[in-house]
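Engineer: Make the full structure from the sequences, and use the hints.
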Amino acid sequence: MSTKNIMLCCVAGMSTSLLVNKMKKAATELEKDVVIFATSVSGFDQELASREVDCVMLGPQVSYMEKDFKEKLKDKNIPLSVINMQDYGMMNGEKVLLQAYELMGGE
Amino acid sequence: MTNKSLWQKFIDRFTRISIKIGNQIHLRSLRDAFAMIMPLFILAGLGVLINNVFFPLFLKGTSLANFQTFGNLIVNGTLNIAGLIIAPVVGYCLARNRNYKNALGAAIVSLAGLIVVMPVTLQALPINGKKAVDISGFLSYSNIGVTGMFAGIIIGLIAAELFIKLSKIEKIKINLGENVPPAVSESFLTLIPTIAVISLLAIISAILFVGFHTDLIKLITTLIQEPLRRVNTSLPGFLLIYSVGNLLFGFGIHQAVINGTLLDPVLLINTNKNMQAFAAGDHVPYIITSVFRDTFGMMGGTGSTICLLVATFLFSRVKASREVTKLSIVPGIFNINEPVIYGYPIVFNIPLLIPFVLTPIISLLIAYYATVLGLMNKTVVLVPWTTPPLINGFLATGGDWRAVVVQLLSFIIGVLFYIPFMKISEQVLLKQNQA
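Note that the protein sequences, when read in sequence, are chains A and B.
The first sequence lines up with residues 1 to 107 when you count with our numbering.
The second sequence lines up with residues 1 to 435 when you count with our numbering.
Everything labelled a hint here was simulated from the structure, so no lab data went into it.
Check the hints yourself; a few may be wrong.
[What the hints assert, rightly or not] Here are the computed lysine-lysine pairs in the DSBU-like style, where the Cα-Cα straight-line distance is at most 35 Å: (1) LYS165/B with LYS67/A; (2) LYS168/B with LYS72/A; (3) LYS171/B with LYS72/A; (4) LYS171/B with LYS67/A; (5) LYS22/A with LYS431/B.
Structural biologist: The following block contains the structure:
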């Protein structure tokens, strides 16, 4: 199984970076080989161009970017999903991580 | 039942319209551009703080003036070129949002376009002189700085937009044939669009300058920037727009969609003008600025939710609420409150939506009238929005402890105001769980 790269995205990349830490913790517990990082909406293009990305998770507060970003991800075949509001609020790293894995097709 | 569906309809329509506004490509590019250059304005705040609060503590007269050269130079490289910087950056962001590959090319055209519309001759006051003289061969800090910010934005957007549009027209691409190395023909691709855009701006500027003795910078500033700024940063206009943005966050969509586009540009101009005036020792003009809003209207994040956290901590018996509070308090100190908004939750929770929107209005009104009555200084330093409450009040007002007292007072009132709504929310939640 290869390393998976999960990109989280919100307005300033601040609150998602909080979630990144929780997800990393969950990943260690679940023994997942994964790289997780957060970025801002305006940094989205740059990160996408310069890094390996296997799936994108949007904070619910920027769910309005979903359509636009999906369009940009279409060619690269990268799946995108909006993080569940409750899981986001409770900063539930494990649930969001599992949501990401489901998005990438299991494992 | 019909009532509920009407409410649902309102939420849907309100959210959809807001997103449409916020996602409009030029406004979005503007938001991106602001995010990119914000560090410079925060640096300006730091420079002003060191120059006008820190140095005067132990320096006087000539030595003070000598030391203050440091901060003055920082102001030159930040506030005084605000318009010059925003033009290419907004052009760059627009190109990126339009998925146009040569974003740097668009940025160059935006920058050149802005300089083209600058007045050819300026009036200037010589040092030690009393009468203004006409000079040429100069750009003024006023035109390329804070005052010219809107002009920078508009010219930057127009130039980049035209450039991108023209670049996509196949017919006007210069084709050099197959034998010419691709890199060479590549360099010709943008030639005609560049010539066309800059020439057009030059023609308009020349006509305005020669025929009407005016320039685009002046026109944009007086006809667009000032009316917009006056309305949107007046007390009612400001509170209305800010509250609409906050209400939107109550429906799960980030308030920056509204505030980042309708408020931030004009509020930032006010902040920057205050910083500039404070740095120069002039009269500080504005009460309502971007940092005024951040400091008094979003303690602990949008909705001043730190008040809710403290109210919960003191008076709530509901385990779930206390759990979220524990989780949210540390990010809340740095004004990040997504855990509260989505976890508590505030989203779609009508009892809590009321204080979420009203608490900031109360605090802002208190702070506004405290400033009007001269009980505290105006905000003169841009501090990052992640600076914890109380510390940010002290720094933003150039070290005025009375601003901290105002913040503390607003905070206590905010806690008291949140309590009854928190109790109602818990009752509703309890009933829902029983049902």
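Engineer: Please go over all the hints and tell whether each is borne out by the structure.
Structural biologist: Hints and how they fare:
1. This hinted pair checks out: LYS165/B and LYS67/A have alpha carbons roughly 23 Å apart, not beyond 35 Å.
2. At most 35 Å may separate the alpha-carbon atoms for a hinted pair to count; LYS168/B and LYS72/A meet this at roughly 19 Å.
3. Restraint check for LYS171/B and LYS72/A: satisfied, since their Cα atoms lie roughly 27 Å apart, inside the 35 Å limit.
4. The straight-line distance between the Cα atoms of LYS171/B and LYS67/A is roughly 32 Å, inside the 35 Å bound, and the hint therefore holds.
5. In summary, the hint linking LYS22/A to LYS431/B is supported, as the alpha carbons are separated by about 32 Å, within the 35 Å threshold.
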